[in-house]
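**Q** My request is simple: use the sequences and hints to build the entire structure.
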Amino acid sequence: EPEVTQTPSHQVTQMGQEVILRCVPISNHLYFYWYRQILGQKVEFLVSFYNNEISEKSEIFDDQFSVERPDGSNFTLKIRSTKLEDSAMYFCASSKERANYGYTFGSGTRLTVV
Amino acid sequence: EDQVTQSPEALRLQEGESSSLNCSYTVSGLRGLFWYRQDPGKGPEFLFTLYSAGEEKEKERLKATLTKKESFLHITAPKPEDSATYLCAVQRGNTPLVFGKGTRLSVIA
Chain E
444 EPEVTQTPSH QVTQMGQEVI LRCVPISNHL YFYWYRQILG QKVEFLVSFY NNEISEKSEI
504 FDDQFSVERP DGSNFTLKIR STKLEDSAMY FCASSKERAN YGYTFGSGTR LTVV
Chain F
11 EDQVTQSPEA LRLQEGESSS LNCSYTVSGL RGLFWYRQDP GKGPEFLFTL YSAGEEKEKE
71 RLKATLTKKE SFLHITAPKP EDSATYLCAV QRGNTPLVFG KGTRLSVIA
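Chains as they are written, first to last, in my numbering: chain E, 444 to 557; chain F, 11 to 119.
No lab work stands behind these hints: they were computed from the structure. Treat the hints with care, as some may be off.
As the list claims (entries may be wrong) - Taking lysine-lysine pairs in the DSSO-like style, the calculated list, with each CA pair at most 27 angstroms apart, reads:
1) Lys-500/E <-> Lys-111/F
2) Lys-89/F <-> Lys-539/E
3) Lys-52/F <-> Lys-521/E
4) Lys-521/E <-> Lys-79/F
5) Lys-52/F <-> Lys-526/E
**A** Quick look at the structure:
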């Protein structure tokens with residue numbers, strides 16, 4: 444069964460450093476998403492991406508965050524200057540359709556900012 | 011603002027003891043309601059999508075139902091391997107999924 448692959452599975456970074464989280468969505472999916480989950484809290488939407496541009500973003504997705512699809516397979520989330528409160532699980536998801544279709548999530552990257 | 015409230019927060023069942031999880035939602039123009047399973051340290055795993063009131067979907071020991079205000083996930087004769095957090099999410103129009111906090115289910119042998 445097709446999977447969404449995320450790397451790395453764990454990342455520890457110093458406060459103020461830049462991190463890039465990587466994702467390989469399912470190959471025939473067109474819509475891509477980043478969500479995050481702070482420990483013990485709910486899964487929160489960050490950004491959606493379609494046709495090489497951001498289609499929607501939440502209030503969490505401020506200027507510190509950016510997304511990119513550098514080639515035909517990878518989808519990345521960059522955090523420019525990490526803060527302690529950025530520590531969370533970050534999930535990438537992809538979908539074949541924009542609506543009426545369940546998203547497929549990756550296993551996540553656990554980001555710890557120290 | 012779309013709201014999704016799941017109850018209970020945690021549920022402990024004996025193996026074979028059937029029960030239901032609740033997802034109440036406030037969404038204008040619901041496009042779909044989604045149920046996911048999440049194991050510790052993993053991403054959500056898709057279970058069901060429900061689109062209209064009265065609809066039901068089944069998968070093994072799980073059955074999901076939908077009304078105009080809430081959805082239920084019924085678990086019949088659960089087994090320890092059903093232990094997980096069950097997440098409900100809603101979609102309004104073409105907007106991204108909005109998740110509830112989940113119900114943490116423990117099934118004891």
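**Q** Evaluate each hint against the coordinates.
**A** Here's how the hints hold up against the structure:
Distance hint between Lys-500/E and Lys-111/F is fulfilled; the C-alpha atoms sit about 20 angstroms from each other, no more than 27 angstroms. At most 27 angstroms may separate the alpha-carbon atoms for a hinted pair to count; Lys-89/F and Lys-539/E exceed this at roughly 32 angstroms. Proposed proximity of Lys-52/F and Lys-521/E is supported: the alpha carbons are some 21 angstroms apart, at most 27 angstroms. Taking the CA atoms of Lys-521/E and Lys-79/F, the gap is about 38 angstroms. The hint is violated against a cut of 27 angstroms.
At most 27 angstroms may separate the alpha-carbon atoms for a hinted pair to count; Lys-52/F and Lys-526/E meet this at roughly 23 angstroms.
Comparing the model with each numbered hint stated earlier shows that hints 2 and 4 do not hold.
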